[in-house]
Amino acid sequence: MKLIGNTNIQFIKNRKIFFIISLLLVLVSVLLIVFKGFRYGVDFTGGGLVQVHFSQPVKIDAVRSVLSAMGESGASIQQTETGDFLIRVKPRDKAGDESGFSTRLRQQFAASFPNITFEIVRDEAVGPRISKELQSKVLLAILLGIIGILIYVSFRFDFRFGTGAVLALIHDTLIVLGFCSLFNKEITTTLIAAILTVIGYSVNDSIVISDRIREDTRKIRKESFAEVANLAINQTLSRTVITGLTTLFVTIALLVLATAEIRDFAFVMTVGIIFGTYSSIFIVANLVVETEERFPTRRRR
Amino acid sequence: MIIIIAGFLLWPSFQLYILLPRQERFLKEKLAQAVTRADSQAVLTEMVEFNRHKAALYEKRIIHLGLDLVGGMHVVLDIDRSQLSEEEARRAPDLALEVIRNRIDQFGVFEPTIQKTDKGRILVQLPGVDRERALNIIKQPAHLTFQLVEEKAKVYDALKVIDEKLQTAGLITPVVDTVSRVESDTTSERGIPGSLLSYIKDEGDELDLMIAADDTAAFSRLLLQGREFWPQGYEFRFGPVEAEEYGKVVRVYLLKSEPELVGTRLRRAEPAIYQGADLERANTWVVNFELDREGAARFAQVTGRNVGRRLAIVLDGVVRSAPRIQERIPNGRGQITMNDRRGDKAKDLSIVLNSGALPAPVVVVEERSIGASLGADAIRRGLIASAVGAIAVLLFMLVYYGAGGILADLALFLNIFLLLSILAALRATLTLPGLAGIALTIGMAVDANVLVFERIREESKSGKTPMAAVDTGYQRALVTIIDANATTIITAIALYFIGSGPVRGFAITLAVGLVINVMTAVFLTRFIFDLFLSRFEVKTLRI
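Top line first, the protein sequences correspond to chains A and B.
Heads up, the first sequence is in my numbering, so the first residue is 70 and it goes up one at a time.
Heads up, the second sequence is in my numbering, so the first residue is 1222 and it goes up one at a time.
Any given hint could be a false lead.
Lysine-lysine pairs mimicking DSBU-like chemistry, simulated, CA-CA at most 35 Å apart [said to hold, decoys possible]:
no., chain 1, residue 1, chain 2, residue 2
1, B, Lys1340, A, Lys201
2, B, Lys1360, B, Lys1373
3, A, Lys291, B, Lys1682
4, B, Lys1469, A, Lys128
5, B, Lys1568, B, Lys1422
6, B, Lys1375, A, Lys71
7, B, Lys1386, A, Lys206
8, B, Lys1360, B, Lys1337
9, B, Lys1337, B, Lys1386
10, B, Lys1373, A, Lys206
11, A, Lys159, B, Lys1469
12, B, Lys1381, B, Lys1275
13, B, Lys1568, A, Lys201
14, B, Lys1275, B, Lys1337
15, A, Lys159, B, Lys1360
16, B, Lys1281, B, Lys1375
17, A, Lys85, B, Lys1682
18, B, Lys1275, B, Lys1375
19, A, Lys71, B, Lys1568
20, B, Lys1337, B, Lys1685
21, A, Lys206, B, Lys1281
22, B, Lys1337, A, Lys159
23, B, Lys1469, B, Lys1360
24, A, Lys82, A, Lys291
25, A, Lys85, A, Lys288
26, B, Lys1477, A, Lys291
27, B, Lys1685, A, Lys288
28, B, Lys1340, A, Lys206
29, B, Lys1337, A, Lys201
30, A, Lys105, A, Lys85
31, B, Lys1386, B, Lys1469
32, B, Lys1685, A, Lys82
33, A, Lys159, B, Lys1566
34, B, Lys1281, B, Lys1337
35, B, Lys1477, B, Lys1568
36, A, Lys159, B, Lys1340
37, B, Lys1373, B, Lys1469
38, A, Lys82, B, Lys1682
39, A, Lys288, B, Lys1469
None of these hints come from the bench; they were simulated from the model.
Please put together the full structure from these sequences, using the hints given.
Written out as structure tokens, the structure reads:
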């Protein structure tokens, strides 16, 4: 069976269009990130998150009044699709102990709803110092990842491909972050893990194409760099699409069937793979061609 | 060969997660059906044997399930070093670790993790425990002292003096929220509104002064303001909250600051049912303790010299009980009474006392607790989702590449099998994101095969013989495969640095998955291809 036969799509000639599409996408994402921002999880803001499951339906106002009775009127309450309540509070218990809020909440629930049993399904509390440490760790990890990739790609190919791949991964990451902001996804360490994986995937994809460009430039000497690049993209197109598809099968299955936390993870992966695949087909090689035409290297004559 | 080793590595995990739960259910049913005493005794013995077997399996190389999958709590503790000297602060983490480990061992948790992390913090992970009890056990400083108690009249006088001094200093300002209280309070003649004495409730108890539990904060604030006017060499302490007919109350004690004896001299403590004359304490649990030889001698001396006076047993600054010394106690035995009808609190306090005091109070700086039901649901749905995704990938490869698809699917199976066995060998912890990592590896695993097959298709098209097409196909694709996977492994390494548990699990799964992936997809399928092509005359490759 064949999905994609011999293609000769003009990826390079029409690169202006793709650049404009990408620029628009990135611009919208950046605007979303700057103006709408993110909902950060407890990992990064510090504070407490308690998820409660009641054996019988409870009104959100009842929960709110329990919290105000505790002097926690600043708490945010949110109901999940399964009817659980997610309660968030700002960090720092008076004693500097982060476990205090949940303990008091349990007591208060037991006193306020004597006839309803409840279960604390999830309970997270992160002190302000820990959340700061985590923030810097995450930044470090992302930087480390990007620098590592840049070094590897520059070493195995050359610097132009390296910058091309890195620009593409920044492009992908920004778009994914834009989607996270748009759909109000909570930024947690798990989500960061998904984003880093997207980065890995995006580069992986870009490399397959760069590899082919390099191979073809050695083989075919008559044609211009742009034409060779176009050929390489067409040659690898079926692989790019098929791998993207099989990975999407899994992430979509997770997105539809798994529980909330995994679903957010799968969401980021799905968006990331779609745009990662898009960018490696339409952007990476075009960036390399663009730099090649502006600053020709001696390798091509 | 590799398959045998992998199978061998996976066998304990298989036993633990697939066979044992079945056996456990079976045993429980058998126990429920047992009629005679002898029968149930026999089943119980079997169960003991079963649990021993289970515990032994945990020691082996198995895949551990993360807290997000089985439920339980993860806490990071920091030690409050503000009261410690430099030398003490340096040793504190190790001491605290030791104490907490002892306590948890006695508490009896299956498979706890207790370790020091960076910056002298302590990480405690306890699968499937009651959060409140566990936190109590972990956090209780367990600083035990024995201090002499002043009689009620003296306490009253002392409070009166402090009140007067505070008043002359202009420090007593009627507290707003007490005004309404005072109106209905029959004891308001004791002092001006907002003074220490105005809080005193004095209903019934001949031994101690009491205040309403709700007033404790306001009362102690006022008390602290008058700190300099406290009787020389004495300190005020409260008792635990007690429920009386007219509401919750707290006793106020005046204790000699210098303890007669400290808890380090404790030899052992154990919970027991109260056996004494006090009817109110009937059917409640107490903690009996015994002092070591030196402590007992000191205790005998103290009790001998103070017959008729009261001696408070103070735990972490709270007066647990203050019995009157009837006679000299030579054997170093005593009792802490508690308001505990179930026995849990007495048991937990015994554990805490037995394992000694923490070098300094600890605070929870990070906590993640997950209810068992959430974990069970997550793992079930995660597995279903992964299976559906994997089946979709398998089918697609089969339809799209035909015979080659069978090879790719075979490689994929082996891939997952090897991945799990390596995770078992590393004693890695499988977390929810880790599970997603496996699912993701499934999706990406076929990439190497896709690269190879696409290449072979191209080479065949350009007119090469199947043999040559396969040969060049693999050769050309290999470089690309290695480059492509290397970058993903770089991100996996970066992920590992973020380092919180679940993400780390994901990073390991991803990295190991990719390495195995290259192995199975490239070398295994190549081997089978070659075998196949050298055996049979293949005219055209159907890939």
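Hint check results:
no., hint, result
1, B:Lys1340 with A:Lys201, "holds (14 Å)"
2, B:Lys1360 with B:Lys1373, "holds (32 Å)"
3, A:Lys291 with B:Lys1682, "holds (22 Å)"
4, B:Lys1469 with A:Lys128, "holds (30 Å)"
5, B:Lys1568 with B:Lys1422, "holds (32 Å)"
6, B:Lys1375 with A:Lys71, "violated (97 Å)"
7, B:Lys1386 with A:Lys206, "violated (54 Å)"
8, B:Lys1360 with B:Lys1337, "holds (16 Å)"
9, B:Lys1337 with B:Lys1386, "violated (49 Å)"
10, B:Lys1373 with A:Lys206, "violated (57 Å)"
11, A:Lys159 with B:Lys1469, "holds (30 Å)"
12, B:Lys1381 with B:Lys1275, "violated (64 Å)"
13, B:Lys1568 with A:Lys201, "violated (38 Å)"
14, B:Lys1275 with B:Lys1337, "holds (27 Å)"
15, A:Lys159 with B:Lys1360, "holds (22 Å)"
16, B:Lys1281 with B:Lys1375, "violated (64 Å)"
17, A:Lys85 with B:Lys1682, "holds (33 Å)"
18, B:Lys1275 with B:Lys1375, "violated (60 Å)"
19, A:Lys71 with B:Lys1568, "violated (70 Å)"
20, B:Lys1337 with B:Lys1685, "violated (62 Å)"
21, A:Lys206 with B:Lys1281, "holds (33 Å)"
22, B:Lys1337 with A:Lys159, "holds (27 Å)"
23, B:Lys1469 with B:Lys1360, "holds (25 Å)"
24, A:Lys82 with A:Lys291, "holds (18 Å)"
25, A:Lys85 with A:Lys288, "holds (27 Å)"
26, B:Lys1477 with A:Lys291, "violated (99 Å)"
27, B:Lys1685 with A:Lys288, "holds (17 Å)"
28, B:Lys1340 with A:Lys206, "holds (15 Å)"
29, B:Lys1337 with A:Lys201, "holds (20 Å)"
30, A:Lys105 with A:Lys85, "holds (29 Å)"
31, B:Lys1386 with B:Lys1469, "holds (29 Å)"
32, B:Lys1685 with A:Lys82, "holds (32 Å)"
33, A:Lys159 with B:Lys1566, "holds (31 Å)"
34, B:Lys1281 with B:Lys1337, "holds (23 Å)"
35, B:Lys1477 with B:Lys1568, "holds (29 Å)"
36, A:Lys159 with B:Lys1340, "holds (24 Å)"
37, B:Lys1373 with B:Lys1469, "holds (20 Å)"
38, A:Lys82 with B:Lys1682, "holds (27 Å)"
39, A:Lys288 with B:Lys1469, "violated (89 Å)"
Violation of the numbered hints given earlier is confined to hints 6, 7, 9, 10, 12, 13, 16, 18, 19, 20, 26 and 39; the remaining hints are satisfied by the structure.
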